[in-house]
Structure formats: C-alpha cells, structure tokens
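All residue numbers for the sequence shown refer to our numbering, where the first residue is 1 and numbers rise by one.
Some clues are possibly wrong.
What the hints assert, rightly or not - Only pairs whose alpha carbons sit at most 25 Å apart, straight line, appear in this in silico SDA-like list of lysine to any residue:
1) K115 - V41
2) K115 - A105
3) K115 - A101
4) K115 - V103
If you are wondering where the hints come from, they were derived from the structure by calculation, not from laboratory data.
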Amino acid sequence: MMYLKAFLVGGLICLLAQLILDNSKYSPGHVLSGFTVAGGVLGGLGLYDRLIAWAGAGATVPISSFGNALVKGALQEAGDRGLVGVMTGMFHTTSAGITAAIVFAFFTAVAFNPKS
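All chains should be modelled from the sequences, with the hints used to inform the complete structure.
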C-alpha cells in the first residue's frame, strides 16, 4: 500500500507542476522555486512531515522536500544557536545535496558542449 501512496502523491505533485507549466506563462524556474517555497511553508507549519509520514518517498523525492529540509534545518539550529543557527542550519542539513548538484553540474558542463 505504501508504494501506491508514494506513487499517487509524487504523481500528483508532478501533475500539479505540469498543469502550471502548461496553463500559465511561468517558466520551469518559476515553478521550481514556487514548489521549493511551498515545501518550506508546509514544513514550517508542520504539515510536510505528516505528508512524508503518510506517503514516504512520494513526498521526499520532489523538490518541495528540499524546501522542507531547508526550513527544518533552520528551525532546528535556531533553537540551538539562535539567529546564526537559522542561516547555518539550513545549509548543514542540505549540504550533501547542494554539493552533489554542483559537482554533477560541473562534470556535465565539462563533458558536453553547450549549444550557444
């Protein structure tokens, strides 16, 4: 049953993004940013963790989970270190993902020629 829940939630998130792209003038960057912010807001309200508990990977794989991770890290470190923890906490939690994205983007840029 967990596979079905993950498939449905992940699919609905992707469907919503595709509907926004198809029926508006927003670029993929706008939609990506919007979903990250939405995940952060839902995480700050404590709703995204409930969605993760219910849907598993269907809620952790989409980009909205990155916003949730940023907010969760910032809130956790804010309690420990105060205002400085807000800035350091979000990067502490997501540093592996950010580093992987930079490294893979670099190697992709080296391996392939850009069109323009």
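So, going through the hints one by one against the coordinates:
Taken as a hint, the K115 and V41 pair is broken in the structure, with Cα atoms around 37 Å apart against an allowance of 25 Å. Proposed proximity of K115 and A105 is supported: the alpha carbons are some 16 Å apart, at most 25 Å. Using a Cα cut-off of 25 Å, the hinted pair K115 and A101 holds, with the two alpha carbons roughly 21 Å apart. For the hint linking K115 to V103, the alpha-carbon distance of about 21 Å falls within 25 Å, and the restraint holds.
Hint 1 alone, counting from the list given before, is not met by this structure.
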